[in-house]
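J.: Listed below are the residues making up each chain.
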Amino acid sequence: MSANLINLLISSTGQTLYMVAISALLGTLFGLPLGVFLATSQRGEMLSAPWVNKVLGLVVNATRSVPFIILVVAIIPFTRAIAGTSIGTTAAIVPLTIAAIPFIARLVENAIREVDSGLIEAARAMGATPFQIIRKVLVPEALPGITLGLTLAVVSLIGYSAMVGAVGGEGLGDLGIRYGYQRFMPEVMAAVVVILIVLVQVVQSLGERIAARVDKRAPRNRGH
Amino acid sequence: MTADTSGAAITFDQVGKSFPKKEGGLVMALEDVSLSVPSGTITGIIGRSGAGKSTLLRMVNGLERPTAGRVLVGGQDVGAAEGAALRQIRRDVGMIFQHFNLLSSRTVYDNIALPLEIAGLGNIKPRVEELIHRVGLQAQRDRYPAELSGGQKQRVGIARALATQPKVLLSDEATSALDPETTRTVLALLAEINRDLGLTILLITHEMTVVRDIASHMAVIEGGRIIEAGATYDVFTHPQHPTTRSFLSGVTGLVLPAFITSKLVAERPQGTASEVIRVTFAGLHATDPMLSMLTSQLGIAVNILAGAIEEVGPHPFGNLIISLEAARAEEARAYLERHGLTTEVLGYVG
Chain A
1 MSANLINLLI SSTGQTLYMV AISALLGTLF GLPLGVFLAT SQRGEMLSAP
51 WVNKVLGLVV NATRSVPFII LVVAIIPFTR AIAGTSIGTT AAIVPLTIAA
101 IPFIARLVEN AIREVDSGLI EAARAMGATP FQIIRKVLVP EALPGITLGL
151 TLAVVSLIGY SAMVGAVGGE GLGDLGIRYG YQRFMPEVMA AVVVILIVLV
201 QVVQSLGERI AARVDKRAPR NRGH
Chain B
1001 MTADTSGAAI TFDQVGKSFP KKEGGLVMAL EDVSLSVPSG TITGIIGRSG
1051 AGKSTLLRMV NGLERPTAGR VLVGGQDVGA AEGAALRQIR RDVGMIFQHF
1101 NLLSSRTVYD NIALPLEIAG LGNIKPRVEE LIHRVGLQAQ RDRYPAELSG
1151 GQKQRVGIAR ALATQPKVLL SDEATSALDP ETTRTVLALL AEINRDLGLT
1201 ILLITHEMTV VRDIASHMAV IEGGRIIEAG ATYDVFTHPQ HPTTRSFLSG
1251 VTGLVLPAFI TSKLVAERPQ GTASEVIRVT FAGLHATDPM LSMLTSQLGI
1301 AVNILAGAIE EVGPHPFGNL IISLEAARAE EARAYLERHG LTTEVLGYVG
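Sequence lines, in order, name chains A and B.
Just so we're aligned: 44 in this note's numbering is position 44 of the first sequence, and the numbers increase by one with no gaps anywhere.
Heads up: take any position in the second sequence, counting from 1, add 1000, and you land on this note's numbering.
Since the hints were derived computationally from the structure, they do not count as laboratory data.
All values derive from a computational prediction rather than experimental measurement.
Please note that the accuracy of each hint is not assured.
Said to hold, decoys possible - With a straight-line Cα cutoff of 25 Å, these simulated SDA-like cross-link-like pairs (lysine to any residue) come out: (1) B/Lys1125 to B/Asn1194; (2) B/Lys1021 to A/Glu121; (3) B/Lys1022 to A/Gln42; (4) A/Lys54 to B/Pro1020; (5) B/Lys1022 to A/Arg43; (6) B/Lys1021 to A/Ser41; (7) B/Lys1021 to B/Ala1068; (8) B/Lys1022 to A/Trp51; (9) B/Lys1021 to A/Ala49; (10) B/Lys1167 to A/Gly118; (11) B/Lys1125 to A/Val214; (12) B/Lys1022 to A/Asn53; (13) A/Lys54 to A/Val66; (14) B/Lys1125 to A/Gln132; (15) B/Lys1263 to B/Ile1300; (16) B/Lys1021 to B/Leu1063; (17) B/Lys1125 to A/Val139; (18) B/Lys1022 to A/Ser41; (19) B/Lys1021 to A/Pro50; (20) B/Lys1125 to A/Pro140; (21) B/Lys1021 to A/Leu47; (22) B/Lys1125 to A/Thr129; (23) B/Lys1021 to B/Arg1225; (24) B/Lys1167 to A/Gln132; (25) B/Lys1021 to A/Met46; (26) B/Lys1021 to A/Gly44; (27) B/Lys1125 to A/Phe131; (28) B/Lys1263 to B/Pro1242; (29) B/Lys1022 to A/Glu45; (30) B/Lys1167 to A/Thr129; (31) B/Lys1021 to A/Ser117; (32) B/Lys1022 to A/Ala49; (33) B/Lys1021 to A/Ser48; (34) B/Lys1167 to B/Leu1189.
Please model the complete structure; the sequences and the hints are all you need to start from.
T.: This is the structure in structure tokens:
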């Protein structure tokens, strides 16, 4: 493999990491509060707002039903409005983030719903405000689940990021299509696949390690 | 214990709670409950599951709202309080739970600190350390709940409930998930806190032993109504309602052993028969050697079939089930009654 190709692989990996990192960050920024709200706003719940909950739930489901490659194309005007262009790696962050938000929101919602309702009752009995319950009880107690959910989201984003070549986004997927497939360079394709596998492995084991560290629910050896 | 507010820490005044049924109509969870919890006492509410005791307890800190009547805590109407006012009342009412409800993500120290953080208090460290010391968990200070035993978890729960120096402590089946030995130590801690801090404790339980061991006052709840209430000693010695008796049977030997009930008949049979009598000892007479006096003074032989003698509050109290020669039974009963014991004929054995 030529030095040129190796450079391409390195820069493509960097672009993939850039897109995934930024969209995961933004997706969490919006998805986390959305997930918390979805988990606490059904009828009779702490932030009871059944109609808003229903509408947001519908929007989340709708966004998640659209295949990512179609979402990328469908929101081009929106992407242009946000990023100033609809083409390129930075522009690709917009559809990635839009896909990440509802995904992360649902994962966070599930993690929060797993929290024992007795803890909410205890916090209410202490005179906690809903915001205090969310900040001091729900999110910390759901943290292991949220961490695993975010890991899953990042892994999915790595997969999605391979499709943004369709709108001129670069990265590993784009490299694989253009060189590995269109120029018939199987060694490039193989290299792309190997790098993606390694990336996913690293993200997955890192996520699991962090989740295990924040999970205090089971006793473990207190070695020093 | 009527709905008199003088000297009461908590007053339930004709409290009702109903839920709409799916198929229309209402389910009455509580009906016309009036009860005063005297300040500084430990009061136990006993009832079976579904009797409404949990709903009643949760009204004291506004986790449930009455649909009728009022719940007063320190003179404030909890049912009418909202928002910040309700949260303020809640900080004056601590609560402990059957399943402890500790945050798994926080250490012992941080769990106890939580209500202080919620109340927005500064410099909480000395207070938290003091509470850890009070419940004897210095060695577990930095442990997570998963690393603690059930008794230790409930000690954390108690320390946490006391953090904001409440006037009232609510206990929701706090010992039901604990073994008997641990139950004893947790109850002893609650009694100690009641004594040292003058804290009013309202507890709900389905175990009469819990009421016997620490409650000076009690109420029995069934089907959403208070069926009996009063000083624990009075209820134990003179239970009025069959449900109360059934709760008592486990702790006071009120229940007949099966080998007797199988042979027991209501009518006195022909020929030689024995009469089975329940003798209730209470107060001063509980320690008198009445049965041996019966034998020595009247020459009536007494056969003890079952029994239990306990302390309820400061007084001894007990039940004995005895059998004696039916022909002389009436004479024996009169003798015992004359000496301040209560007797009840349970039946005859041929």
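J.: What's the verdict on B/Lys1021 and A/Ser48, does the C-alpha distance respect the 25 Å limit or exceed it?
T.: Judged against 25 Å, a Cα distance of about 21 Å means the pair holds.
J.: Hinted pair, alpha-carbon criterion (25 Å max): B/Lys1263, B/Pro1242. Please report holds or violated.
T.: holds, 23 Å
J.: Straight-line Cα separation of B/Lys1021 and A/Met46 no greater than 25 Å?
T.: holds, 22 Å
J.: For B/Lys1125 and A/Phe131, compute the direct alpha-carbon distance and say whether it is at most 25 Å.
T.: holds, 23 Å
J.: Holds or violated: B/Lys1125 and A/Gln132, Cα atoms, limit 25 Å.
T.: Holds, at roughly 20 Å.
J.: Can the restraint linking B/Lys1021 and B/Leu1063 be considered satisfied, given a maximum Cα separation of 25 Å?
T.: holds, 20 Å
J.: Run the distance test for B/Lys1022 versus A/Asn53: straight-line Cα separation, threshold 25 Å.
T.: Given pair B/Lys1022, A/Asn53 holds - Cα atoms ~23 Å apart, limit 25 Å.
J.: So if I understand the rule, the pair passes when the alpha-carbon distance is 25 Å or less; does B/Lys1125 with B/Asn1194 pass?
T.: Roughly 24 Å separates the two Cα atoms, so the pair holds.
J.: Does B/Lys1125 pair with A/Val214 here, judged by a C-alpha cut-off of 25 Å?
T.: Holds. B/Lys1125 to A/Val214 sits at ~24 Å (cutoff 25 Å).
J.: Is the straight-line distance between the alpha-carbon of B/Lys1022 and that of A/Ala49 25 Å or less?
T.: OK: B/Lys1022 and A/Ala49 at ~21 Å, within 25 Å.
J.: Between the alpha carbons of B/Lys1022 and A/Glu45, is the straight-line distance 25 Å or under?
T.: Distance ~19 Å between B/Lys1022 and A/Glu45 Cα, so the pair holds.
J.: Below or equal to 25 Å on CA atoms is what counts here, so check B/Lys1263 against B/Ile1300.
T.: holds, 22 Å
In summary, this structure violates none of the numbered hints.
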